[in-house]
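Colleague: Chains as they are written, first to last, in the working numbering: chain A, 1 to 213; chain B, 214 to 530.
No lab work stands behind these hints: they were computed from the structure. For every residue, glycine included, the Cβ atom is placed at its ideal position computed from N, Cα and C. Every clue listed holds true.
Chain A regions said to be covered by chain B (calculated; three or more residues, Cβ under 8 Å):
(1) 81-93
(2) 129-135
(3) 151-161
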Amino acid sequence: MKRALLVIVALALLAGFFRLVPLFHMVPLRQTRQAAAAGEFNATHAAQTFWDEQLLKSLARAADAHQVLSALATDAAKARAQYGRTLGISTSTLFFLSGTGRVVAVKKNTVALALSPEGETVDVLLPTGRLFGNTVRDATGLLDASAFPNSQNFNDLSTELNHLVENTVLPQLRELAKPGVVISFTGCAELEEDADVKPLKIIPLAVRLAAAP
Amino acid sequence: MKKFLLLCLVLAATLLTVAPRALAGDPPAVQGKIAVVVSTLNNPWFVVLADTARARAQELGYAATVFDSQNDTAKESANFENIIASGYAAIIFNPTDANGSIASVAKAKAAGIPVFCIDREINSTNAATAQMLSDSYSGCVKLGEYFVDQVGETGKYVELLGLVGDNNTWNRSKGFHSVVDSYPGLKMVAQQSADFDRAKGLEVLEAILQKNPDINAVFCGNDAMAMGAYQALVAAGKDKQVKIFGFDGADDVVKLIAEGKIAATGMQFPKKMARQAAEFADEYIHGKRDFPQKIPVAVELVTPDNVAKYGNYGRKP
Numbered sequence: 001m002k003r004a005l006l007v008i009v010a011l012a013l014l015a016g017f018f019r020l021v022p023l024f025h026m027v028p029l030r031q032t033r034q035a036a037a038a039g040e041f042n043a044t045h046a047a048q049t050f051w052d053e054q055l056l057k058s059l060a061r062a063a064d065a066h067q068v069l070s071a072l073a074t075d076a077a078k079a080r081a082q083y084g085r086t087l088g089i090s091t092s093t094l095f096f097l098s099g100t101g102r103v104v105a106v107k108k109n110t111v112a113l114a115l116s117p118e119g120e121t122v123d124v125l126l127p128t129g130r131l132f133g134n135t136v137r138d139a140t141g142l143l144d145a146s147a148f149p150n151s152q153n154f155n156d157l158s159t160e161l162n163h164l165v166e167n168t169v170l171p172q173l174r175e176l177a178k179p180g181v182v183i184s185f186t187g188c189a190e191l192e193e194d195a196d197v198k199p200l201k202i203i204p205l206a207v208r209l210a211a212a213p
Numbered sequence: 214m215k216k217f218l219l220l221c222l223v224l225a226a227t228l229l230t231v232a233p234r235a236l237a238g239d240p241p242a243v244q245g246k247i248a249v250v251v252s253t254l255n256n257p258w259f260v261v262l263a264d265t266a267r268a269r270a271q272e273l274g275y276a277a278t279v280f281d282s283q284n285d286t287a288k289e290s291a292n293f294e295n296i297i298a299s300g301y302a303a304i305i306f307n308p309t310d311a312n313g314s315i316a317s318v319a320k321a322k323a324a325g326i327p328v329f330c331i332d333r334e335i336n337s338t339n340a341a342t343a344q345m346l347s348d349s350y351s352g353c354v355k356l357g358e359y360f361v362d363q364v365g366e367t368g369k370y371v372e373l374l375g376l377v378g379d380n381n382t383w384n385r386s387k388g389f390h391s392v393v394d395s396y397p398g399l400k401m402v403a404q405q406s407a408d409f410d411r412a413k414g415l416e417v418l419e420a421i422l423q424k425n426p427d428i429n430a431v432f433c434g435n436d437a438m439a440m441g442a443y444q445a446l447v448a449a450g451k452d453k454q455v456k457i458f459g460f461d462g463a464d465d466v467v468k469l470i471a472e473g474k475i476a477a478t479g480m481q482f483p484k485k486m487a488r489q490a491a492e493f494a495d496e497y498i499h500g501k502r503d504f505p506q507k508i509p510v511a512v513e514l515v516t517p518d519n520v521a522k523y524g525n526y527g528r529k530p
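Could you put together the complete structure from these sequences and hints?
Modeller: Structure follows, in structure tokens:
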């Protein structure tokens, strides 16, 4: 009898101890997944923050597109070094440019601009379709790959920045783009080593109507 | 006169002892040891990567040894233990696993040995001295655009993935899908890992073809798998109707692109990366410390239109 009492007391003490210091916790699976997701890189949030807090605030830094195109026509190597940037080991050059041009053609996925007031030559193409690649992420030099331990996050950021342009800038551009209209733009371009300088494809980060026809 | 004769003798002695070495192009005296740790030597692309790093280190005056990790982090870790214990001055490293390889790099760092990652990254920015990495994502964006151009906006395709623990696998897949997924008419009927391995690429595609005999294209995360896929399609008699897309710029694939048997690949420039890493190691040993952590290396699209420009794991001179 005494022994049974002793066992009951010992079990009660053990139960009390494990209540205070449990061996394991029961956690709902959904809660675990949410916690894991919170610790993960949120590319959509990072892209929006970068867009609002850095990219749009840096538009004034963009080089003049007309001046850069003229310099590229005169001495391409010098112009690339002066106005562009090269990422790591690469033969292409990235540019951050702004300018004003008259719409000379509107096609399925592009708006063609002439930068000279009376010119008909297409100097710049502003895309209006799907965007791919890292031009928007890399052209300004505001982001550094070394700050991202996992390059997948850095690349996800690129995809989200492209979506931001597609969803916020391109609808505006499509609405503005009519032959004869003058558009001001700021955007990013990548020029491959042996590519023709004109027309230069510039992904717009901002567009506005400068003058109606 | 005596003085003049003495001077001539000294000059002659100097020429006799120094000139033959210089004329023979002998490497400079060995100034330390550099280890080249590579994920696998069971793939010609990685053999080129390792051999080029070793050759450049030797040109710079180091004794250089290649260690094969056989795609196994345990083997890789043992290689690092051995290297740390053996007094190597620097490590040129092609990791097996973005997360699993961090500990080995950290150990080397703690032992005062700089590590320069090439081709594959580790998910840490404070362990390696620098990481020189192909821009796999951008390269596969270009491949994705070319894929749509060649296959069209409708069709069925298969994707062969590389090692699932390697960031390159996912950067390539994501770059490709960032383009191709915009076309709802392009249906991926199977996506399976073949571990960047030629034999597995053959095996996996053979199995997939049993269930999906009507595919239009195969996108492979590297050229070894593309070669395996090509063999599987030849065996099935479908090599003329199914387009194959690889990634790496391996010589055998570049040759098949020239023959019109493979549609395209992404040239990664392994020799450029390997040489640069050896030069970084040399600069570190001579006192330089300010290296950028990540150095992207651009990938170029190789197609039948421009294949004449490429060969021997890079651009032709």
